[in-house]
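*Asks:* Top to bottom, those sequences are chains A and B.
Read in the numbering used here, the first sequence has 314 at position 314, and its numbers run on one by one without any break.
Every number in the numbering used here is 1000 more than the matching position in the second sequence, counting from 1.
Treat the hints as calculated values from the structure; they're not laboratory data.
Each residue gets a CB set at the ideal place from its N, CA and C atoms; glycine is no exception.
Wrong hints could be hidden among the right ones.
Claimed, not checked - With the Cβ distance kept under 8 Å, some of the chain A side facing chain B (calculated, not the full set):
(1) L7
(2) L18
(3) A19
(4) I20
(5) L64
(6) G152
(7) Y154
(8) L169
(9) V171
(10) A294
(11) M330
(12) G331
(13) S332
(14) F334
(15) V358
What the hints assert, rightly or not - From chain A, some residues computed to sit far from chain B (all C-beta separations above 10 Å):
(16) I5
(17) L24
(18) A248
(19) D324
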Amino acid sequence: MTRLIDLYRRIPAEWRQLAILAALIFLVFPLGLSLFRLNLVGKYLSFAFVALGLVLCWGYGGILSLGQGVFFGMGGYCMAMFLKLEASDPVSTAIQSTPGIPDFMDWNQLTALPWFWEPYHSLAFTLLAILVAPTLLAYLLSLAMFKRRVGGVYFAIITQAVALILSTLIVGQQGYTGGINGITDLKTLMGWDIRTDSAKYVLYFVNAVLLMLCLLASRFILGSKLGLLLVAMRDKEERVRFSGYSVADLKVFIFCVAAMFSAIGGAMFTLQVGFMSPSFVGIVPSIEMVIFAAVGGRLSLVGAVYGCLLVNYGKTYFSEAFPDLWLILMGSLFIGVVMFFPNGLAGLFASGPIKPFVDFWRWLTTLRHHLPADRSHPINQKG
Amino acid sequence: MGDASSSEIFATLLMQGFAGLSLFSVLLLMALGLAIIFGQMGVINMAHGEFMAIGAYTTYVMSQFAQEHELLDVYFPFALLAAFIIAGAAGYLMEILLIRHLYKRPLDTLLATWGASLILQQIFRSAFGAREVSPELPEWIMGSMQPAEGIDLPISGLFVLGLSAVVTAGVALMLFKSRWGLGVRAISQNRVIAGAVGIDTKRIDRLTFALGCGLAGVAGAAFTTIASTGPTSGSLYIVDTFLVVVFGGAASILGTIASAFAIGQAQSVLEFLMTGSTAKVLTLVSVVLILMMRPEGLFSAKVRR
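Using the sequences provided together with the hints, build the complete structure.
*Replies:* As structure tokens, this is what we get:
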């Protein structure tokens, strides 16, 4: 036994954390939870891809994106378009006035499939689109901004505007996108029914494996020289630039990685939940995704996954049990995380759980300094 | 419109232009407060929309009071003043509690103020209900004016236009003629040096933040003449307002005016030609594209950073 503990201690802390997370995701959840709950966890974990991306680009790169829902949504919509086309074969849509096109197009008096839907008959194209389209958008967006050395708050606002644009577009173009309801009634993937119990188990594990791969990839990026440069750039951008590195390229790269992760998460979300809608694209979901990463710890890859699970579980629980409290709780979470534990749960483990209380005490005491001084106290009496 | 006479086309154009003008004045009123805060402190206040809602709800409460005491004709100017004071006080409080701890972390301010906006939204919902409310408006602000045959201009639009002109002039006057304005201009050029020559930067920050929030309150009060207010109506316009500020270039009142004008006119003209959502998307896309080509905005302040 002591040997085992010894062995355990000799593993580097990062791998230990990763192993614990893997055990939780691959063993504890599948064995301990009902299928309904497991599916819910799978849904939460699909958001963890986004949070991972945010740890990379926000925590390490210093680039806050308030539009990660855009990439999540693009991945999800690409997947949903493929599945929808498969679900709307001429036989099962025979009652429509134009059989063979998705039902919402029929409702919106479209008589032919729009051209940009055509390639989504092919699974290979769809998978490629999931990975490439969001990354390309991220590339163009970030290249234009970072080459001109615009970042920080400006970048956050622009990404937020993009989230508004995409969600408005999706809601407005009902005939092409399914509008506010999104793309629903997804049934099969290459003839394999994704709604059965066994499919849900399989998809959960596919999602988990992909998440682990993304974790390892992030670990690799951060462990490489690039990761070092990233941190250096976040802390002293000018020095990195003067050392001869292209700061813009670094930022563009890490933002693209984050976008691609988010898109994978979006596609897995669609597969597991069975629909995609603009409510995962707009401003509010995008900024909620930031809080997943912030709660877990913006500097901890593993923490981001825990943050996702925790916040989403809290959301499911509180928005059902105390719908009035949820918004206030969410708001306090934003404020509390930023003010008292900026490094999230992971920071709580690293610096000891005492720190937030110390910060809170400081906050209180500065507040007291701010209030008008007590005139009766001798120290405050002039003359 | 093949058989429409030229005077009818002219009237339509004029009314369309006026619709753009009223959108412009609303955007300008909303953006002014945000612009002075952003210009001086580099802080984007995500709860700006909720301060607008504070102003709007203040007007609503005042109108209820006025209705009981039959003061409907005269209450509105007082409502504007009350909206300014209450929203400003709320802003002052928020500066003390939140913002001043985060000046060195602008991205975190974004998140913290977003959190504050969520809390405020829930407070509005609990206090006033989830349904939208509109204050009882005085007689003189309703109805419309007909300067010529076929032209119909709503008085409320004219009122908001006038109000935004007055407020903008007031802010510009204060920025360039008052002690506070001197401090603001010094701080936005170089905070450290401004502090070194004896400007109380913390006090000026607090005042500016409160003033910006107060202006948001005035915008909200003015907005009640055009649309009704709900718990989330503040967040509806917030992204447009951010874009106006960023598009205009930080720390430039002239830039804010110009960009509010451009965005307001573009959106209303496009809305005339196509559906509302497409018009909005097109406007936003063009703003984002222009910003990608010219990230410092239309009028960039020549400040060494």
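*Asks:* Now tell me if each hint is right for this structure.
*Replies:* Results for each hint:
At about 41 Å, the closest approach between the beta carbon of L7/A and any beta carbon in chain B exceeds 8 Å, and the interface hint on this residue is violated. Nearest Cβ of chain B to the Cβ of L18/A: about 27 Å, over the 8 Å cut. The hint is violated. A distance limit of 8 Å between C-beta atoms decides the matter here; for A19/A the minimum to chain B is near 31 Å, and the interface restraint is violated. The interface hint given for I20/A is broken, as the beta carbon of that residue sits about 28 Å from the closest beta carbon of chain B, more than 8 Å.
Taking 8 Å as the C-beta contact cut-off toward chain B, the hint placing L64/A at the interface holds, the least distance being around 4 Å. The beta carbon of G152/A comes within 6 Å of a beta carbon in chain B, closer than 8 Å, and the hint placing it at the interface holds. The interface hint given for Y154/A is met, as the beta carbon of that residue sits about 6 Å from the closest beta carbon of chain B, less than 8 Å. With 8 Å as the threshold, the beta carbon of L169/A comes within range of chain B, its nearest partner Cβ sitting at about 5 Å, so the hint holds.
Checking V171/A against chain B by beta carbon gives a least distance of about 7 Å; that is within 8 Å, so the hint holds. The criterion of a C-beta within 8 Å of any C-beta in chain B is met by A294/A, whose closest approach is roughly 7 Å, and the hint holds. The restraint placing M330/A at the interface with chain B holds, with a minimum CB-CB distance near 5 Å, inside the 8 Å limit. Here the hint on G331/A is kept, as its CB sits about 3 Å from the closest CB of chain B, short of 8 Å.
Interface hint status for S332/A: upheld, as the beta-carbon distance to the closest one in chain B is roughly 7 Å, under 8 Å. Hint status for F334/A: holds, given a least beta-carbon distance of 3 Å to chain B, under 8 Å. A distance limit of 8 Å between C-beta atoms decides the matter here; for V358/A the minimum to chain B is near 14 Å, and the interface restraint is violated. Every Cβ of chain B is farther than 10 Å from the Cβ of I5/A; the closest lies at roughly 40 Å, confirming the non-interface assignment.
With a least beta-carbon separation of about 27 Å from chain B, L24/A lies farther than 10 Å from that chain, consistent with its non-interface assignment. For A248/A, the condition that its CB be more than 10 Å from all CB atoms of chain B holds, with the nearest at approximately 12 Å. D324/A, annotated as away from the interface, has a beta carbon of chain B within 10 Å; the closest lies near 7 Å.
Going through the hint list in order, the structure does not satisfy hints 1, 2, 3, 4, 15, 19.
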